[in-house]
Structure formats: C-alpha cells, structure tokens
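Line order of the protein sequences matches chains A and B.
In this text, residue positions in the first sequence follow numbering that gives the first Met the number 0: the first is 0, and each later residue adds one.
In this text, residue positions in the second sequence follow numbering that gives the first Met the number 0: the first is 0, and each later residue adds one.
Source of the hints: derived by calculation from the structure; they are not laboratory data.
All C-beta atoms, glycine included, are put in the ideal place defined by N, C-alpha and C.
Incorrect hints may appear among the rest.
[As the list claims (entries may be wrong)] With the Cβ distance kept under 8 angstroms, some of the chain B side facing chain A (calculated, not the full set):
hint, residue
1, Ser13
2, Glu16
3, Glu46
4, Val52
5, Ile88
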Amino acid sequence: MPVRIMVGEDVVSAYLSGEIDHHNAKELRTQIDCAVERELPRLLRLDFGGVEFMDSSGIGLILGRFRLIQDLQGRLELCSLPNHIAKVVHLAGIDHLLTQNDPKEDDQNV
Amino acid sequence: MFENQMSLSFPSRSVNEGLARTAVAAFVAQLDPTVEELCDIKTALSEAVTNAVVHGYQNSIGTVYIQAKRKGDKVILRVRDKGCGIENIALAMEPLYTTCATGECAGLGFAVMQQLCDKVRVRSTPGKGTTVVLERRITSRGE
Numbered sequence: 000m001p002v003r004i005m006v007g008e009d010v011v012s013a014y015l016s017g018e019i020d021h022h023n024a025k026e027l028r029t030q031i032d033c034a035v036e037r038e039l040p041r042l043l044r045l046d047f048g049g050v051e052f053m054d055s056s057g058i059g060l061i062l063g064r065f066r067l068i069q070d071l072q073g074r075l076e077l078c079s080l081p082n083h084i085a086k087v088v089h090l091a092g093i094d095h096l097l098t099q100n101d102p103k104e105d106d107q108n109v
Numbered sequence: 000m001f002e003n004q005m006s007l008s009f010p011s012r013s014v015n016e017g018l019a020r021t022a023v024a025a026f027v028a029q030l031d032p033t034v035e036e037l038c039d040i041k042t043a044l045s046e047a048v049t050n051a052v053v054h055g056y057q058n059s060i061g062t063v064y065i066q067a068k069r070k071g072d073k074v075i076l077r078v079r080d081k082g083c084g085i086e087n088i089a090l091a092m093e094p095l096y097t098t099c100a101t102g103e104c105a106g107l108g109f110a111v112m113q114q115l116c117d118k119v120r121v122r123s124t125p126g127k128g129t130t131v132v133l134e135r136r137i138t139s140r141g142e
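Taking the hints into account, I'd like the entire structure generated from these sequences.
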C-alpha cells in the first residue's frame, strides 16, 4: 500500500510511503481523492514521513490536491517532510503550503 | 579515478521509471556520493525519463535509452527517446510550462533538472526524438 488513509473529525490524513513518481502518482491520487470526496473534510493532511523518493510528479500531486480541497473550502497541510522531499517542494516554490501549516505550531496550540 | 560507463534500454512503460532510477543510482554509488548528491541525480534522471515516457512517446510504447558515464569527478547521463521530439525547446524548458491538460503535471521537469545538475543540454528533432544530457559533479567524500 503506497498510502494509508486515516479519517478523523473534519480531517483526512494520507500517510504516503515509498516512491512518488509519475508511475505511482496516479494510484495515490485516486485513493486520496476518493477519501476526500467521500468525507468532505476541512483539512487534508499529506504526511510524507515514509516517502523515500519524490520528483516533480509529487508536486503535481500536491497541487492537484490543493485545488481539490480549495474547491471544497478546506485547507491542505503537508507534514513530516524528509530533507530530500522538502528540497523538491522548495525548488517548486510552494513552501508557503508548509510554513502556514507547521504541525509543531498546531501541537503547541492544542 | 577510473572511468566507467553503462547503457540501459527499456520500453517506455511508466513502471520502468523506478528501474531506471535504481540502475543509475547503483552506477553513481561507485563514486561514493553524498546522500544528497545521489538523491539529486536520481530526481533529475527521473524527470528526464518521465518526459521521455509521457511526452516523447505519449500514448505509444517506444524504447528509452540511458547511457551513464563517469568521467573524472563527473557523472554524465544521457537520456534518449525516438519519440515525437520538441518543437520549441526554450518554451518546453520554461518553469510551469506544460502541454498536459489534466492539471496533474506541474510543468517543472526541466526546471528541477536544471537546479539539481551542473549542466543540462537538450537536443531534439520534431518527429525523430529527444536527447537530454545531464551533468553533475560529485564531491567524493573519501578523498
């Protein structure tokens, strides 16, 4: 399983793992969108803790989910990014999706 | 430092994108790269191979050719397809430019290659195919 989906109150969390490339992105997209369209959450959290590799196909995956959740008036959060994934996100210039939603800050507010 | 090279060819099925990364990573590992250098090279290669699969051959299956060379402290990767070719290379290399209509392509393939490699060269003839050459210096840790 390249993605494990957990559903909470108003939250869908997708725990991604393995390699995110053009080949695997399709299946990840289908599974995440299926859960989001069913649950209509306020927050979609993509967790990259288990991801070993990601190229710009992963950026396409993130931006596609960003658009989907925005259409539903929800927000997207990226968390647990290993260094090499954070680098690709930085190269793509979409760091703002991260800085707005630092999970550590959320923990402190709870 | 001795020179070495390898060649790999495979059908342009997306499942082979991972195969290409793994084979090239094993080749590059001989130069004792840092984790970051290895990651960068795998990512840049993945972009080039994905372009060949998705854009070069589009809906058909052709052969993707990879040649990896080690020359001094440099790794040179050549990714070639005999697909549709690129009409306007400068436009294709512009960040965020994409011909994909699904909204799932970021249009960042070449931008990522350029940021992760020291040199990126593209040669293409419409109707004949495309060759992308990636060059990256390795700062060997053991020396």
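Non-conforming hints, listed in increasing numerical order: Hint 5 contradicted; others consistent.
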